[in-house]
Structures are given as C-alpha cells and as structure tokens.
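Asks: Read off the chains here:
There are 2 protein chains.
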Amino acid sequence: MAKDTFVENLADIETNFPQWYTDVVKKTQLVDYGPVKGTMVIRPYGYAIWENIQKELDARFKATGHTNAYFPLLIPMSFFTREAEHVEGFAPEVAVVTHAGGEELAEPLAIRPTSETIIGNMYSKWVQSYRDLPILINQWANVMRWEKTTRPFLRTSEFLWQEGHTVHATEDEAEEETMKMLGVYKEFAENVLAIPVICGRKTEKEKFAGAVATYGMEAMMKDGKSLQAGTSHYLGQNFSKAFDIKFLDKDGALKYGYTTSWGVSTRLIGAIIMAHGDARGLVLPPKVAPVQAVIVPIAAKKGGVLEACAEIKAELEAAGVRVVFDNTDNSPGWKFNEWEMKGVPVRIEVGPRDLEAGNVVIFRRDKCEKGESPRAGVAQTVVSLLGDIQKNMLESARVRRDQRIVKVDDLDGILKGVEGGNFVKAGWCGCRECEDKIKETTAASARVYAENLEHETCAVCGKKAKHTVFFARAY
Amino acid sequence: MAKDTFVENLADIETNFPQWYTDVVKKTQLVDYGPVKGTMVIRPYGYAIWENIQKELDARFKATGHTNAYFPLLIPMSFFTREAEHVEGFAPEVAVVTHAGGEELAEPLAIRPTSETIIGNMYSKWVQSYRDLPILINQWANVMRWEKTTRPFLRTSEFLWQEGHTVHATEDEAEEETMKMLGVYKEFAENVLAIPVICGRKTEKEKFAGAVATYGMEAMMKDGKSLQAGTSHYLGQNFSKAFDIKFLDKDGALKYGYTTSWGVSTRLIGAIIMAHGDARGLVLPPKVAPVQAVIVPIAAKKGGVLEACAEIKAELEAAGVRVVFDNTDNSPGWKFNEWEMKGVPVRIEVGPRDLEAGNVVIFRRDKCEKGESPRAGVAQTVVSLLGDIQKNMLESARVRRDQRIVKVDDLDGILKGVEGGNFVKAGWCGCRECEDKIKETTAASARVYAENLEHETCAVCGKKAKHTVFFARAY
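Those protein sequence lines, which keep their order, are chains A and B.
Numbering of the first sequence is given in our numbering, commencing with residue 1 and proceeding in unit increments.
Numbering of the second sequence is given in our numbering, commencing with residue 1 and proceeding in unit increments.
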C-alpha cells in the first residue's frame, strides 16, 4: 500500500492557469465541493490557513481598539429596502428563508450577504449619547451571496469573513477609521501573506452598494489578473439615516452618526494560492502555513535515522515551529512531491550518511533549493530560514508585480497591457461611459485610483484626465 | 453626566429567578434581542466570554488529535430523510430556504440544525481505506433550530456551537471517542467554568435523534433546575449506513464506519450565569471573565492616585491579567456596583490614605469580601487570588449541588424533591410509560443514569429497577 510514484499531476500553470488552480485546491485537500451547487467545504488543511489568518488579523483588530460580537444570520427583507443603493446591490444575490418551524413566515428573511442593515438596526438602540461613541465592533461570520458562476475560495455562495462595523461622532473620525483599517489590511497582506497590494479608492461603479467611498486593496495573481483582497468603506450618514443611529452631542444637538465597514474573507486563501503557487503546487508563506517544516527520513531502517528525526521534531516544536515528521511508508520521492505540492516552506531530509557527517539536508520551497546544513542547531537554522522565506516571498512577489505594471495612454494600450497579463495605469476623465467602454473593449475593470494623477488625458475620450486608474482583468 | 446612583436594579434572585436572569443578561450587556423573534445578538461582553470558552476548548480538541474544518450552512432537505429518527427529531425545527438569487430553488434547503447529514455525505467521499481512519474533525459554526419559546443563550433560534464529527474503523474505538470527549467536556466544565457536572447516559426518550447512545453532562443552576451543558453521541453505523461511509479494511472486506458526534454551545454562557450568579449580578470564573480585575481610583484628584492606578494596571497586564482601569467620572460607589453586576472577579480600590500606608484595598467578587493588601507585589497577589477564586467557585458550587441531591423511592418523593429545587435520584424500570408518568406528574425529566444502580424498585410501577436515574426539572 506504500506509495512510490507521485500521481497527483497538476495542470500546467503556464498554459492552463484556471485548471491548475482547480487541481491545486482539490489535490492538496484545501477544499472540496459541497452538495449544494456553489458551496464549498473547507477541509482541515485549508481551514488551518484560515485559522492562522484569523489569529493574525484578530490581534490587529484588538490592538486598534475593536472588540468582537455576533449578530443574527437572518435579516428581515424589509431592512434591505431602507437604503436604496444597498438593496439594489444585494437583493438579487440573497438567499431567502420563507418557512421555519413547519410554518410559512409572515415576513421572508434574508440570509445575511453582509450585515450593515441588521447591525445598523442594533446600533440605533445602543447609541444615545456622544459618550457611547465610537462603537468599534468586528464580527467573524459566514455570509451568503448567490452567485451564478462559482470557484472555491474566490466566489462561492457561502463564505467566511470578518466584517467590522463602526460608528463615529464626526466625519473626520469615520474617514480616519476607514483609512486606518485599510492600512491594517495592507500591513497584514504584506507581512503575513507576503502579498504586495495596491490600495486606493474605487470608482462609483465599483464601490460597495450604499457607501460614500470604497477603498480596496488589489493583489496581482500569477496570471496577471487582479484579486480584490479586502475593502474598507466610508458609509457617511447613509446607513445611520436609514437606521436612525442618532446621538445627543456635547453641544446638546441630536445628530446622525458616521459609519464605516470593512472586510476580508476566505478569498484571501485564493489570493495566497494564486500569488505564490508554482508548477509543483502551493507555496505557502511561513506565517500562515499549517505545516512550516516537514521531516522526511531517508533509508529509515538504517540505525539512528528515526531517532534523529524524532529528536529534530522535538527541537523544532520547542522552537515554536509547526512541524510534521512524515513517518509513513511511502517512498521519500513521493513524500517530497506531496509536501512540495502542499506548499510546506521547509523540508528536512535526514539520512544515515548525512547524519554520520553531522549534517541534514534542508530544502526551501520558495526557491526550490536544497543544501547540507549542520545537524547541531537545526531548529535555529529552520527558524531563521522561515523568516528569510517569508521575506523573500514578499520581495519576489513585489518584483514580479512591479515588472507587470505598465503605463499607457489609450484604449489600445489598455487592451494590449491586460492581454499581456499586466496591471495597466491609464488616464480617466471620470465618466461612466468611458469606464464602461474600457470594460467592453478589454474585459478590464477599474481597480483603484492611483495615488497621483499621472496622465493629462482620458484613455478613451481624450478629455482632461481626473484620475490615473489601475485597470486589470479581475477575479 | 457622571453617574452617582446605581439604577440597574435586578429582580430578586430568590423570588423571581427567571426575571433575575433576563435582567442580568440585558443589563450587563451580554446580549440583546435581535429583530427576528427568537434571535439574539451576542454583545462584546458576552462574546468575549465565548472567545475564552473557544480558546480553552479548541486547545483541548487539538490536544486530543482533532482538527477544525468548515462545512456548508445549507443542507438539501432530502438528506434528512435518510436517517429515520433524525428527520423525525429535526424536521419540525428546521428553517428552510426556498428562493435564492431571485429564483425558486429546485430543492428546498435546510439551514443546518446540526451537521451529521452533510458531514456524513462528505465523509463518504473521503473515506476509502482503513488508512483514512480515524477522521477526527471539529467545526465551530452557527446552527438554527426554530423554537417556540426562547431565552437568550438557553434556547434561541440561532446559536453558536462546536460540533465534533468522527469516523472510526471499530465500535470500540468509536465508543472510546464518545467517552473521551465527554471526559474533555467534564474536565473543561469543572476546571474552566467552575461548574461541577453530572455525566451519564441518557434514556432513549432523551437521546439525540439518530444516536445509538447519548451521554450528557448536567449542571445544577441556582434554582435547582438542570441545564444540559454538553452531549456526546455514539452513532454506531446509523449515519454511515445512511450516507454510505464505507472503507476497505485490512482484511480486504468492505465495512461501514462507526461514527460519533459531540457538541457544546453558547448555552454554556447561560450555565455560567445561573450556576454562579447572585443578588448583585454575574459572578464570572476568572478563566473566562473578559475582565479579571478592575482598578477603581478613590478621591482620584488627590496626588498620586491616578499615577498609582496606571502603574498597577501596567503591572497586572505584565502578569497576564485582563485588567480595566475605570477612570470614568462616575462615583466610586457607582463603579463598585456596576463591576460587581458585571461579575468581575477582583476589584482593586486605590485611595490616597491607603497608598500612604503602602496599601490598596482588594475586593473579591465570589465571596464579596474586601481587605487591605500591600501595594508592593499587588500583581502577584491578584494572580494568586484569581487562582483561589477559580478554585473556590468550583468548590462552592459543588457543595451547593451536593446538598441538593436527594435519593427517593416513589413518585411523591420525586415531586417533593424537584419542588424543593433538588436533583432527585430514583429507581426506574426502564419503560417509557413510567418515564412519561414522571414527566406528567412532576415536570421533571430523566437527566442521566447514575453510575451505579442504587434502587431495587421503580419509583412509579414498583417493578424491579434497571437504573438509578437523576431526575430534575430542566432548561
């Protein structure tokens, strides 16, 4: 029953990226398809990545003064109609409960696609005075958006996420919160996921339904497409007016609060896969890898090998490394392939000859390089190597991305740019017609505004440019 | 605006326990009612207790070899019909999605009331060989059971829980798992929640719909009623046959697996409130208290008081204590009442006279006692006191409970026993008629079997007793 030949062939990443993605998520057991169309099961190996993401993000939310709470899954349908843009954006995607406890409900209930409405309804009860502000609450939850075409992690009818919802006394404070959380996401994406991101404001067309302004962070995948990896919304008084979130201010006047919301989801796992993966499969950043190092014995029956593996495992665990000692009876070659496909950052090969010479062999997944290393102090070597891999993965991704940002002047330039797998910077006059024209012609959408205006004219109509915009094809 | 008089009066715990409970959960801001009948919002103070519960339990699940995963919320209705007892038990409580994405669904979907069916469906794909076993997976999730009468934490249409689902090659291993997880729950209830529990097997009437055997842990509330605080089910081959979970065994034969499931929920927060609370409000065990110590300045404007409070706060934080320095402008008396109501285990009062004498005043919530304590080494004093409070709360609860377990011989004894707020041990012949008779006559239900048979005859029919059973009125 021992496995000698590695049979989990993946589709070619260069020529068939979509199939490569599907192969990787299934064969590494990150995910499986649920029985209902468009749903996914997050398997233990995938869920462990999510747990690491949660731990890192949750600590950052708490360090910035937020606490967690939990709001109900089911929202009265009537809540959606209170904010006009919001209902237009979300009603078509909603799953609706019409019966419960054997009876038809008086009012149908929506499974939350996002929680601004139900949380707004509660905040209106909790906020009375300026002393109750700010309210800084986050929720970890499942949400549901009924999508026509779905892909594991990227777009599924149900997904897991966090949604922060805050209320502030002033516009300034709410805007500051919006930008602060965008900054938290960016720092997290770069330092934990090793994914460089481009952050900026979204166009009216691409903003969150009901927001005054949406800020997004965009990550480049290896096929040159963009993945929206997180968003932070300044909601102004839109939801506080719709849900009557009012407070008595210091000056004795009754005022509406200013709200924000911000979220990231299990989509981030898709981002990790497509930002770092290669022909062999996953390449996981050490900070979120469920297994950071795997120990593989070579010629395991030779004296001392298994003992040395067990010792090394204990040393690594003591040093805080998440380690697996693969003592199954599969061949070493099979194990190499399997753990490489699963993206484990470091492999330690322990063989009798190396041991005699006082060495082990260490393989790093990010560069697919291996070499001898002293057996003594191996835990410290691995800890230091994990740090180096984390850093190198971010740097490599940054170099890859920066090479694929092109600045163009016209519609043809946008088309050629995105066909070549680039993010394209182009001038835009600010009108919806030109934005739509770009989408129709190039299948690229406006991702975010660049920080500075770098163009004089709009790529489409040639009128004066208001913004330089990043355009890309997107997930 | 500063508050001098404490106005959050609670109903009397002795004479109106149900209202006291409702007052406590609302006024301490553990929870609020959601807009849909029977739903609750778990507010930050309540959710922080749940987070502490999760952290403690999750570590225990992982230490016993389990990993987390996530399965879909929506289950095809047809899945329920595959296990006859299961559908009978859960179908009446199910909330049903009939429309999604603007269309009527071909098959209605249930929001999970529990996940044996959908997880069984996935396990049938994942399990092929004895090498794939055991499967030891846990899920943290929301579930929904449409209930007629609801109370926050105790019975709500939606609640949060964990559900473990395992598959084993043999009956013995599955039974061992069932008992092991019951043991994990018991150790957790006693050492973390400070709640002594009685564990044992449930009657056929009270068991989980679809189980071969259900084991429960029962906790005594201060009104003498029992709260089922957790259950562990041995499911035999019922679900593996219904969902075709088969494996090729070592001997070459194709066999059905043996499965278990086990769960605890946000109900545990209700257990904490009613097992420990008193006339002043909550009394939280230090291990799950969101705030373990509060620092209250006395005569805050006097020199050195605020500085000393800030220093003490820093010292406590460095010692790993979850601490709040209440520097609001409410009066000290108001603060005392509020933090006592919120159940904070330790209060440190810092006043100028005490400081001069090198002291602070320390109040412990469990005994409502206070006394002077040296300012020097206050962090160590508090850490040690928290340990003592944790231990004392369990011991006090155990004494209270043991005083209220009575052994009786007949139906009248059961009635008098439960009317007096006791758990009653009585003999039972094992027949459903006698069990129903007890319920009708006394409003008490069979909670769990006692470990040993201590009765010769059934309390109802007088025939030979098969079991000694704990009867109680229950939440």
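Hints are supplied without guarantee of correctness; some may be wrong.
Just so you know, same-sequence chains aren't split out, so a pair can sit in one copy or run between any two.
[Claimed, not checked] In silico DSS-like pairs for lysine-lysine, Cα to Cα no more than 25 angstroms straight-line:
#1 Lys246 with Lys26
#2 Lys463 with Lys180
#3 Lys463 with Lys205
#4 Lys391 with Lys148
#5 Lys180 with Lys367
#6 Lys180 with Lys416
#7 Lys425 with Lys148
Everything labelled a hint here was simulated from the structure, so no lab data went into it.
Asks: None of the hints should be skipped; say for each whether it holds.
Replies: To see whether the hints hold, each was checked on the structure:
1. Lys246 with Lys26: Cα proximity of lysine 246 and lysine 26: across copies only (21 angstroms, versus 49 angstroms in one copy).
2. Lys463 with Lys180: neither (34 angstroms within a copy, 73 angstroms between copies)
3. Lys463 with Lys205: within (20 angstroms within a copy, 77 angstroms between copies)
4. Lys391 with Lys148: neither (38 angstroms within a copy, 56 angstroms between copies)
5. Lys180 with Lys367: Close neither inside one copy (34 angstroms) nor across copies (44 angstroms); limit 25 angstroms.
6. Lys180 with Lys416: Neither way: lysine 180 and lysine 416 sit 36 angstroms apart in one copy and 62 angstroms across, limit 25 angstroms.
7. Lys425 with Lys148: Neither: 30 angstroms inside a chain and 58 angstroms across chains, both beyond 25 angstroms.
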